[in-house]
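Student: The residues making up each chain are set out below.
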Amino acid sequence: MDIWNMLEYAAWGLSILFGLHMIYDWYKTDSTYSEDVLTSSREGELEAMAEHHKVGS
Amino acid sequence: MSQTTAKSSPKISLLRVLGPAHVWALGVGIVLVGEYMGWNFAVGKGGAYAALIACWAAGLLYTCVAMIDSEVTSTVAAAGGQYAQAKHIIGPLMAFNVGLYLVFAYTMLEAANAITVGFLVDTVAGMSGHSGIDQRPFIVLSIIFLAWLNYRGVLATLTFSLVITAFAFVAIIVLFFGVAPWNVDSPLKHVELLGNQPALPYGWLGVLAAMHFGLWYYLGIEGTTQAAEEVRSPARSLPFGTMAGIITLLIAATLTWYVSTGLMPWEYLGQAGVPLFDAARLSGSTVLMVILGIGTLFSTLASANGCINDASRAWFSMGRDHYLPAWFGAVHPTYRTPYRSIIFLVPIALIFALGAPLDQVITFSIVSGLLGYTFMPLNIILFRRKWPLDTIKRGYVHPFHPLPAIVLLALCGVTYVAVFLGYGTQLVSMVAFYIVVSLWFHFWRYQFVSRGKQFTMPWPRPKGY
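Protein chains in written order, with this note's numbering: chain X, 1 to 57; chain L, 1001 to 1465.
Hint data in this document are derived by calculation from the structure and do not stem from the laboratory. None of the values given here were measured: they were computed from a predicted structure. Don't take each hint at face value.
Claimed, not checked - Subject to a maximum C-alpha distance of 25 Å in a straight line, what follows is the list of computed DMTMM-like cross-link-like pairs (lysine to aspartate or glutamate): (1) K1453(L) - D36(X); (2) K1189(L) - D1278(L); (3) K1463(L) - D1390(L); (4) K1011(L) - D30(X); (5) K1011(L) - E8(X); (6) K1453(L) - E35(X); (7) K1011(L) - D36(X); (8) K1011(L) - D2(X); (9) K1189(L) - E1267(L).
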């Protein structure tokens, strides 16, 4: 097995890791927040939102 | 990164964190890969000078696109870009179609970029003596890693794009200075390579055919408008980033043509997989070869990265307006990205990247883009007619109206003929597809759309209504 074969396996492994991380976070987010909150974005309301924006630590 | 307290907030929206440099990176990042590969098929269609004519004709087309887009989007500062413009200016059916054009143009371009990443890895492996590498893991990794990056936040995503796009652009400049055209010892051989043969080997028909791939020099610059809802000062940043982007691309495209045609016979150049990398290898400089090799990879990744950003915003916007299931209109409470739209488009990109030929994927992207460009002249003419200059404050007013709209429409017509000559069946199939989904939208989906709520811009009543 040369470096290129190892890179192939590494690419498969990283793809699975990134994919699983997204899916886990997706599941966690959807089960933590209500659908009304998640889909509460409205076009044209951003300026009002920006006024409530707080810079966190 | 700054965040609001999402759980206690009744509303979650995208974040305004981007500046003009990010807008530039989004537009140029999507496109610059076209200078590294793809544009040279125009040389194969009609010869070196036909590709130059196509370069400048397409440059004119896209300058019109950038000017028109800059004016309209400086007033319609909403995610979805041209989709949101069409919704407010023309109507829902046009908006639905434009939204789909955007999603397919960018998702297919993303797939084409991923295929190219696999090809590049294979090329490098071949140069190091390893043949028969499996390209699939690299194709899959490029799509999933960039989707993950997009999922995690727009600021990091487009800062990443900014760095690698700037490197890829500077690499082209370095190549130009590296071959030193003013020097008598320059490796450029324009006179020998282009002097003793017909300027247009296939005549003007070749020039027409070259227009198909001439779009590749600039395809995607209009994607800057998708950042409208996440940029801090849309009325200033969007026109500035877009116009700076088209100027960058005009310079990069002309330099690319000049250097490449001076180093390779047009018969070879017209079929080359990575022409700028080949040009660097032919220059005899190892440093240039390494820089252009990295530039090729970076331009490909920047393009795929921007495409994921833009396709997901268009899909998200349509979901938010219920043009598609509202489920797609969700925003991540921590990362403030349209996370469901980002994830949903991943398998679609993977299917095309792993299962479709590159030229078909590219043509799918080009035709979807072209349909979008055809909408733009109609859009700006109606915009100026319904809301004249003294009725809405614009961040940018494009000059010579309606000349750019007429030129754009004429060039789109020429390009349709060019695409029809090469990929007639695919062109007709795609138009048929868009007709079928339009019927679905008109007779079924539109009943779910809240007709009053979708029009959000605080504009006066249109003139004549």
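Student: Does D36(X) lie within 25 Å of K1011(L) when you go C-alpha to C-alpha?
Tutor: Measuring from Cα to Cα gives roughly 9 Å; hence the hint holds.
Student: Are the Cα positions of K1453(L) and D36(X) separated by 25 Å at most?
Tutor: Answer holds: K1453(L) to D36(X) is near 17 Å, not above 25 Å.
Student: Need the status of pair K1189(L), E1267(L): alpha-carbon distance at most 25 Å?
Tutor: 15 Å, holds
Student: Run the distance test for K1011(L) versus E8(X): straight-line Cα separation, threshold 25 Å.
Tutor: Between K1011(L) and E8(X) the Cα gap is close to 43 Å, so the pair fails against 25 Å, i.e. violated.
Student: Is K1011(L) within 25 Å of D2(X), Cα to Cα?
Tutor: 52 Å, violated
Student: Would the pair K1011(L) and D30(X) pass a check requiring their Cα atoms to be no farther apart than 25 Å?
Tutor: 15 Å, holds
Student: For the pair supplied as a hint, K1189(L) and D1278(L), confirm whether the alpha-carbon distance does not exceed 25 Å.
Tutor: 15 Å, holds
Student: Sort out whether D1390(L) lies within 25 Å of K1463(L), counting only the CA atoms.
Tutor: Within the cut-off at roughly 11 Å; holds.
Student: For a C-alpha distance cap of 25 Å, please report whether K1453(L) and E35(X) respect it.
Tutor: 19 Å, holds
Checked against the numbered hints listed earlier, the structure breaks hints 5, 8; every other hint is satisfied.
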